[in-house]
Every structure is written in structure tokens, then in C-alpha cells.
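Asks: In case you want the letters, here they are:
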Amino acid sequence: MAKSGALGAIHHVRSEAYGPVVLRPKGSTWRSSKNEGGGALYDYACHAVDLVNFIAGVPDSVSGVVRHSVFSNDVEDEVYCSLHYANGASGQLCVNWSDESFRKMSTKVSVWGTNGRITADRQECQIFLREAHASLPDTGRGWTVRYTTDVTEEVWYYLRGEEYSAQIDYFVQSIKSRRSNGENTFRSALEADRVVADILTDRPAPAAAPAAPESKGFLARLSS
Amino acid sequence: MNAPLPIDRVLFGDNQFFGINHMSEEKAHVQQMRFQDLPAVMDVLDAAYQEGIRTFMCTTHDRVAEICDYFRANREKYPDYRFYPCMPYAHKYANAVTEHGMIEALRRFLPEGGAVGAMLKGGLALANKDVDTIMRLLIDAEMKLFQGLSTPVIFVQNVVTDLLLGVGFKQCFRTFHDHVRDAYGAEAGFITMNTPLLLDVLDELGIENPIVCSNINKLGFRMCGGIELYERTIATRRFRPVAMSVLASGVIPPREAIEYVCRQPRIESIVFGASSRGNIRQTKALIDELSLT
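Protein chains in written order, with our numbering: chain A, 1 to 224; chain B, 1001 to 1293.
Do not take every clue at face value.
Here are the computed lysine to aspartate or glutamate pairs in the EDC-like style, where the Cα-Cα straight-line distance is at most 16 Å [said to hold, decoys possible]: (1) Lys108(A) / Asp1062(B); (2) Lys108(A) / Glu1025(B); (3) Lys1144(B) / Asp1062(B); (4) Lys104(A) / Asp1062(B); (5) Lys1092(B) / Glu1026(B); (6) Lys26(A) / Asp1046(B); (7) Lys1284(B) / Asp1037(B); (8) Lys1092(B) / Asp121(A); (9) Lys1027(B) / Glu191(A).
Some chain B residues judged to face chain A by a derived CB distance under 10 Å, without partners named [as the list claims (entries may be wrong)]: (10) Ser1024; (11) Phe1071; (12) Ala1073; (13) Gly1148; (14) Ser1150; (15) Thr1151; (16) Leu1199; (17) Asp1203; (18) Gly1206; (19) Ile1207; (20) Met1223; (21) Gly1226.
If you are wondering where the hints come from, they were derived from the structure by calculation, not from laboratory data.
Beta carbons: idealized from backbone N, C-alpha and C, even for Gly.
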């Protein structure tokens, strides 16, 4: 829907993931160990990034990264940052796995365009269109709410959610049929990895980087 | 062999109390806030009781402990009340594994000391793949919540049923069935989203006329194998179906939804959850009315 063009020019995307994973300082599993791939960035934010990449495209740069520990010693428990696209569109990533107010991991994506907004989570998809659009004939002007019951394809074997069931089935079928050009590619994994790498280094947007000779750090500029 | 124990036609579910709503996360959130204190939960259970619903089918969520305490303390008010425990509440275990790791999490749910505790400490029960022993102990740990209360049917949750069914760990169903019968005098119930496949396996294990709870609704929502296969299965196979998600999370209008379920032959029970007296009364009245026709 976001890609259909019905939203007009997309100018902002927000991807959020919250859940109750680390709720006290003491942790004894790989999740609290940076060397073993733990932390909210690798474990939670990756999913939120992957959704952004899929829905709105891969951001060109990130800024304003906050990676804070709430309880953990070795890893971050929350990740926030801005996302930037070459065409001027922007985004926000909000991830916190130390939030006990959520029963389980809860992910939500919102996309704003010049003709409206879409917000989607596990159960429903809320669409607001300023004007009806030919590419979404079933979705009129104003609000439309689609529930998981009508947007989810049935699976032949259900285990803890259609999405997981379909995913594991697809994975097994891919192995059986030696399919290498499936839904999920190394390309999309690499793209998510690249955004994560940008978050780790908080690389400024190339266009925003000042010319080298005049370059001064923030503190240097303050004191000059 | 004894005649099978009758199950009430209408069972009350618990999703609404624990912030589970298959339609809207926002609604789930609002419900979670509303039901954070026991009196709000009891008001709804009381309303259901007054409408003649005597059975509470509930997960082994931590918060069920306080509900059980209440019923133990007020037996005279609810002399005929029954619980149908549904175990396990998976997130309780998932969270513990997240925090403590697999073995430590398991240790925390099992009784302290004793031969098995010692075995587990050394990893022996796991190394021996002594799944039956561990499973029985986990069932006992879950059943502690319900001590002294009537629990004539004990269900295994679909997340476990369907995982075991999927990986072919069939023997667990027999262990579960036998243990709840021997230790609690209860009948085993199986919640699943894959009824036709499960029935094949239960048949193979010789578990006769099992209580199977699954989605049964006019939309075919989460009825794996398809609605026609379900209808045929209900009509022709020997089991005791309990219908859940009959409204498909509120998508189907109540009368239409219940009409459909009541039209299927041999459905023994319908489980539903609701938060308001009005909705409880309406749904119960519809089931009563349409079950007669």
C-alpha cells in the first residue's frame, strides 16, 4: 500500500519496536553480551530497520543516534535515531526493549505522504487518505481500517502466527527446492546491516559534511 | 469405561483480561489498563456467573493466581465454579528463558531439591532426554495455582500443541493426557489451530474421543486445512469440539457467527470472552437460543 503511490510523495516514516526483554540489571544470557550479538540494536532495532527498508526504501544516512543502556551493563537497551533520504524524506527509529508496559514485542510502522498516512501493527492497518487514489480502489477517502483477519493469507499449518508459520514453511521449501532467489535475499540483509553499521558509527549525511579545510568540531566552534 | 464428563455449553475465556485482542493493539492496551486490578476482573467474572456461565477457561498467566485466591476464599459464593486451566502461558517461559537462559529458566520452574532437581542440576534429565519427567513436573508446577479448585478439564495451549505436532513429538500428548488424568482426575484438552492433523495423531496414540478446542468460525479464520475440511471433520470424526474465536475477533456479527457454529453438529462448547455485562448477556442468550433450533 505504501508503495502503491496512494499516499502521494512519502515524506516521513516512523518505525517503533517496544517490549519487555531486559527489565533488570542482572542478565546471564547472550542478550546482555555485546560479543555474542546481544543488545537492542541487533536484536530489536534490526527488525524495525528491515521494515523501514522494505516499506519506504533504504535510508541514505542516519543522525542523532541515541544508544543508551537502561539496565544492561554491556549493551544498549534503547535505540533512537533520525533517518534521512536523498530526496529529502526523513524517518525516525524508536526502539526500547526495556519496556514492561508491553506484553510482548510490539512493532508499529507509520508512513506519511502528501496524500495521507498509513499505520500498521500486528493486528490492524489504519489508512487515512486525503483523496481516493486509483491504485487503491478498495480504500476510499478518509479512514479505512483493515484487520489482520482480512489482510492475512491463511497458512496450511499454523504455529504461533501466520507470519512465522509462512516464514518457516517458505524457508524449508526454499531448502527443499534449492531456491536461491526467494523473498528474502542477502541484499536485503546487507541493507539492514548497512543501516545498523551507520547507527553504530552515526555517520553524518555526505551532503551535510562541511568542506574539509574549514571543518571544526562542535566544541572547537563553541570556543572559537 | 466411564461416560465422558459433560462440558458446559458456554465457557468464559480470559484474553480480555490480559491485554490480548486479535483485532486491535490499542484496544488490548486499554483493556490491560482496565483490568490491572482484581476487582475489575471479578466484576466481569461475576457478571458472567450471574448469566449462568460456570466455567472459566484461563491460561496459567501469573495473574490468574490472584483470581484463584479469590475463588478459594469465596467458595460459598460460587459453589459450582470450575476452572479449565490452559497451560502454559508461553510468554512466562519465553521471558524467563530470555532472562536466565534455557537450563536456568527450567530450573526455576521446577521444584527445588529432590531427585529430579539434582538430575537437572547435572543436566542429566536433559541429557537423557527425559522429557516425560520434565513435562510432568512442569504440569505440576502450573497446576499449583489451582490447588483446591475444581479443574475437570486441563488444556494444553495451541502454541505447545502445534509445536509438538509440527515436529512430530507425539508421545508428549500421551504423557500430558495420562498425567492430568492420573494426578488430577481431569480430562485432557488440546487447543490447536490444526484440528484435522491433530486428530490423526491423537487417533494414532489411541487417545479416544478427545476434547479439542480450536477456532471455528464462519470466516475460516485460523482453521488450517480450510473451512470445508473442518466442517467435514466436525461432522464425521469422533472428538469433542470446543469452538473458540467464533466471532473471528469481532469481525463477524454475533448472531451470524453463533448461528454458524450452532449449525455444526456435535460442537459441545463455545468459549468466548467479553468485557461488558451487555456483551456477555447477548452472546450467552444467542448461544442458548440458537443451540435449541
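Asks: Hint compliance check: list the failing hint numbers for this structure, sorted ascending.
Replies: Checked against the structure, the hints that fail are numbers 1, 5, 6, 7, 8, 9, 11, 12, 13, 14, 15, 16, 17, 18, 19, while the rest are satisfied.
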